[in-house]
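Take the sequences, apply the hints, and build the full model.
Those letters in the sequence shown? Residues 1 to 212, per the working numbering, in order.
Check the hints yourself; a few may be wrong.
To be verified - In silico DSSO-like pairs for lysine-lysine, Cα to Cα no more than 30 Å straight-line:
#1 K145 with K198
#2 K149 with K190
#3 K57 with K29
#4 K206 with K174
#5 K198 with K141
#6 K63 with K34
#7 K57 with K47
#8 K141 with K125
#9 K47 with K34
Hints in this document: simulated from the structure, not taken from any laboratory.
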Amino acid sequence: MNSEENIPEANEQAAPQTKDKNIRRLSPKELRRKISRLQSKLDEATKLAAESEANAKELQQAKEKIAELENQRLYDQAEAENYRKRALRERSELLRYNGENVLRDLLEVADNFDRAMAHAGTADKESLLSGFAMIRDGLHKLLGKYEVKAMPGEGETFDPNIHEALTVCPAPEKEDGTILAVEQQGYYFKDHVLRPSKVVVVQNPKEEKQGE
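Here is the structure:
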């Protein structure tokens, strides 16, 4: 019984020796081939380890780039929101004070009227009329600055799109539909009708046919 129990132990001890004996039995040529194969496996393992390290580094760089792009996206989004709010605020201010420049220029006209009225008591009629004519010319020049221009008036053909007929009046020397007089001047603002002209229009009586 004792000799049988010792058999496995003896085999275990003999295994390394057997392996060493197998290697020792290899010829130099076979041994070189075995070493070459082992070196190839080692080289391959080294290459795979290097590639794995490079992939890990590339992955880390990609993560950092994604984080950088996400931060940039958030920054751009915040900038766009700030720009939108600023544009809305500026537009609101512009609409609120849209006529400020016009009113400032009109104050100059009002100042000229005040000066004319202040000297009305001492100025002669001719000087007074000349002063008011200058104020009127200045006002029309100001209107032109803001692209406000007068509509065609007396002698033009009546156009219901830009004229408002207050009344009709016969004028045998003029054709029907001719504007005889302008009671209130109309104006354009750019290409838009700011105010139609109120006019008197020629309408001659129709001639009676002979025999009627």
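Structure versus earlier hints, numbers of those that do not hold, lowest first: 3, 6
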